[in-house]
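Residue strings, one per chain:
Protein chains: 2
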Amino acid sequence: MKFQIRKTDSQSKARTGVLELAHGTVQTPIFMPVGTQATVKTVTPQELETLGAEIILGNTYHLFLRPGDSVIREAGGLHRFMNWTHPILTDSGGYQVFSLAELRKIHDDGVNFQSHIDGSYRTFTPESVIDIQRNLGSDIMMVLDVCAPYPCTFEEAQKAHEHTIRWAKRSLDYYKESTSPHGLDQTLFAIIQGASYESLRKESADQLIDMDFPGYAIGGLAVGEPKEILYGLTEFCTDRMPVDKPRYLMGVGKPEDLVEAISMGVDMFDCVIPTRNGRNATLFTWQGRIIIKNKQYERDFNPIDTECGCYTCQNFSRAYLRHLFKAGEVLGLRLATIHNLHFYMELIRTIQKEIDANTFSDWKKSFYKSYIINEPINPVD
Amino acid sequence: MKFQIRKTDSQSKARTGVLELAHGTVQTPIFMPVGTQATVKTVTPQELETLGAEIILGNTYHLFLRPGDSVIREAGGLHRFMNWTHPILTDSGGYQVFSLAELRKIHDDGVNFQSHIDGSYRTFTPESVIDIQRNLGSDIMMVLDVCAPYPCTFEEAQKAHEHTIRWAKRSLDYYKESTSPHGLDQTLFAIIQGASYESLRKESADQLIDMDFPGYAIGGLAVGEPKEILYGLTEFCTDRMPVDKPRYLMGVGKPEDLVEAISMGVDMFDCVIPTRNGRNATLFTWQGRIIIKNKQYERDFNPIDTECGCYTCQNFSRAYLRHLFKAGEVLGLRLATIHNLHFYMELIRTIQKEIDANTFSDWKKSFYKSYIINEPINPVD
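These protein sequence lines map, in sequence, to chains R and A. Mapping of the first sequence onto the working numbering: residues 4 to 384, in sequence order. Mapping of the second sequence onto the working numbering: residues 4 to 384, in sequence order.
One should not assume that every hint holds.
The list makes no distinction among identical chains, and a pair is therefore deemed to hold if it is satisfied within one copy or across any two copies.
[To be verified] When the alpha-carbon atoms are kept at most 27 Å apart in a straight line, the in silico BS3-like pairs for lysine-lysine are as follows:
no. : residue 1 : residue 2
1   : K44       : K296
2   : K329      : K44
3   : K329      : K368
4   : K257      : K372
5   : K257      : K230
6   : K108      : K248
7   : K257      : K298
8   : K16       : K162
9   : K162      : K230
10  : K248      : K296
Derived from the structure by calculation, the hints contain no laboratory data.
When you get a sec, could you build the whole thing from the sequences and use the hints?
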C-alpha cells in the first residue's frame, strides 16, 4: 500500500490523495459502497464500475458464515468469486458480532458467538479474522475490535477499548508473520475505539499510533449518538491521527456527514445509507431526500433529479419509479440503488475537484444552500 | 400490421416469418418475455434488448389496476412509461380476472370483479378493454375472452366459448371505430376457446375465422391439462387457423412445449416460466433444468452452462449463483433471469435458423438427445 496526499484545503482540514492498493488505485476522499454478502445489493460489478465506484466493502462476519471463507479462497478470493476487479476493504466482523450475533461472550483470546443464520457456535480471534481476510484476499483488512454501544458507561467503554488495543497488537504481529494465499499485498488498518469518552479516544489513538499501522479507522461512531458527538469525536480523532496515513470513518454516513467529516480530514467512508435507503424508496437529490412512493409523484413524468446523469434519471420518470415501488418490483430497488450510489459518487467526485481547486469551502456553502438536511422534503403521504 | 411467411419446413408444419408492427419488426417463431407490471421482472429494457427480445407482453389487468391506464396514457403510452421501444403485446385481462380477481360475475355485457389489490369493484367489457389497450398503446391488443378452467364440464366450456364469440364480434366492431390516442397502428387478435372439447374448439375457430381478425391466439391451454391435451388441441387448432396469419399459443411454455408447438405451426409464445423459474433458482441448460441452490454447486466454479454466452455465464460461477440464492440476494434473481431468458431467446433463434435451413427435424432429434425433459436433473437436495 502507498498513500500520497495531493492537496490540502487552505480553509479546512480537507485533503485529496491517492491510495495505491493491490487491485488498483483509489482517489481520496472516497466512498465505499457496502457489498455485505459478496454483492452490493441489487447491482452488478459492471454497474458499480459504470457508477465510478473505485473500492467496495465486504463484511467478514457475513462471508465467514456464508458461503464460508474456504469456498471463497477456493474460488480464488472474493474478487474472483464476485467478479469485482478493483480494490476491496473487508471489515473484521467485530461490529456484526456485536450487532447481529446471539449470545456473544468476549474473553481475552477473542469472542464466542452464535451465528444469526443457523445458531452455530463460532469464535473470532484477532488471528482468525486475519486468516479469514487472507482467504478473502481483500486489499485492506481491518483488525478485530470491540465496538461499545451508545450510550455506555465509562467502564464498559474502557473495557472495550482495552480489548481493542490488546487485539490490535496481536493482529499486527500475526499480520506480519502471515502471508496471502493469493499472493496479494494486503494491508491492515487499526480501529480507534473509546466510545463517547475523549480520554479513552485519546488513549486509543495514542497507543495504536505507537504501533505504527499502515492506516487508521475511527470506529464506534454512527451507532445512534447525536451529531454533536459524531462530529466532535471525529475531529478529536482526526486531529490526533497521522497526517500521512489514510483515515477511515467507519459506517458514516449521510451526505452532510461526509461533507463535514471530509472538512475534518477524513479520507474514507462506507455506509449502507445510499443502498438501503434506495431500497426503502428514499432517493437523494441535490435539494434533499424525496420519498418516491408518495402520491404526488403518480403523474410526475420528470426524472428523480433533473441535474442527475445516472442511468435511472436518463431513462425513467418519477411516476415509473413510484409505480415499481408500489407494485413491489425488483427493478425499482435496482433503479433506486443506481441513482443513490450515483449521487454519492458524484458528491465525492465533486468534493475531490473542489478541494483540488481550493474552492471546497465555497462549494460547501452552496451545497448547504440547496440541500435540505435532516427530514425528507416530502414526509410519507 | 403485416405478416409474411418466409419458409415452411418440409417435414413438419414449422414456419418462419416476419411480423411488422407499429414499433418494429419481429422474427417468428418468437418468444415474448412477460412484463406483467410494466417491467419484465428484475431486468431493464436495455438488458432485454441485449438478450435479443423483440417483443414483450404486458398484462392489461395488472396495468389497469396499477398504476391505471390513465397514468400510462398520460406518460405517452406503455412504451414510453417503461422505456421499451420495441413491440408490446397486451393481453385482454380476461385470464387474470379468472385466475386472480375475487367475486367475478360474468354477464352478457362483460365481467364484474373485485381487484385482488384493494378489493375495489371493477368491470371489464369487450369495449373497455380495447379502450384500456388503446391507452396503453400496445402493438397487438387481445380481445376479452372467457377462459374456462381445467377440468370443466361441457356446459361450462360451451358457455365460456359462447361469451368469447359474442365478445369477439363486439371487440372487432369497436376496434374498427376506435382510434389510438397515441396515433399508433394497433392490431387486434382473437382468442380461440373451447376448453378440452374438440367440437367447441372447432366451432370457436370457425366462427372467429369468419370474422376475419388480423391474427389468432389459442387460449385456455396450459391451465393444468396433461401434455396430450395441450399438444393435441394445439395441433387441432393450428390445422384450422389461417396459414397466412400469425398464430399465438398463449401462456406456453416449457422449452419442449415450444419445440412441439412450433412443429405444429405456432408462431408466437409467452410464458412466465423462464423468469419465474429463474427467480425460484431453477436454471435451464442444454442438458435440462438444474436447481442451483443444491449443495453440489457449493464449490462448483464453472458457469451454469459452459455452452452459454449470456452475461451471467460469462461472468459468474455456479458457486456464486448458489451463494446469492442461499443468501437471498436480489442479484441472484437478476442473473438467473438473464440466463433463463437468454436460453429461451437462443432456443428460438436456433429454431428459426434450423427452419430456414430446412434442418429443423434433424435439429429437433438432437435437441431431445441432450435435453432431459420433465424432471430437473438434480431434485432438491
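Evaluation of the provided hints:
1. In this assembly of identical chains, the alpha carbons of K44 and K296 lie at most 27 Å apart whether taken from the same copy (20 Å) or from different copies (19 Å).
2. For the identical chains of this complex, K329 and K44 are neighbours both inside a copy (20 Å) and across copies (14 Å), given an alpha-carbon limit of 27 Å.
3. Taking the closest pair of Cα atoms, K329 and K368 never come within 27 Å of each other, the shortest separation being 36 Å inside a single copy and 46 Å across copies.
4. Only within a single protomer do K257 and K372 lie at most 27 Å apart by alpha-carbon distance; the minimum there is 16 Å, versus 58 Å between protomers.
5. Proximity of K257 to K230 under the C-alpha cut-off of 27 Å is restricted to the intra-copy arrangement: shortest distance 11 Å within a copy versus 57 Å between copies.
6. In the homo-oligomer, the alpha carbons of K108 and K248 never lie at most 27 Å apart, since the shortest distance is 33 Å inside one protomer and 73 Å across protomers.
7. Proximity of K257 to K298 under the C-alpha cut-off of 27 Å is restricted to the intra-copy arrangement: shortest distance 25 Å within a copy versus 40 Å between copies.
8. In this assembly of identical chains, K16 and K162 lie within 27 Å of each other by CA distance neither inside one copy nor across copies; the values are 32 Å within and 80 Å between.
9. When the C-alpha separation of K162 and K230 is checked against a cutoff of 27 Å, the pair qualifies only within one copy, where the shortest distance is 24 Å, while the shortest distance between copies is 70 Å.
10. When the C-alpha separation of K248 and K296 is checked against a cutoff of 27 Å, the pair qualifies neither within a copy, at 43 Å, nor between copies, at 44 Å.
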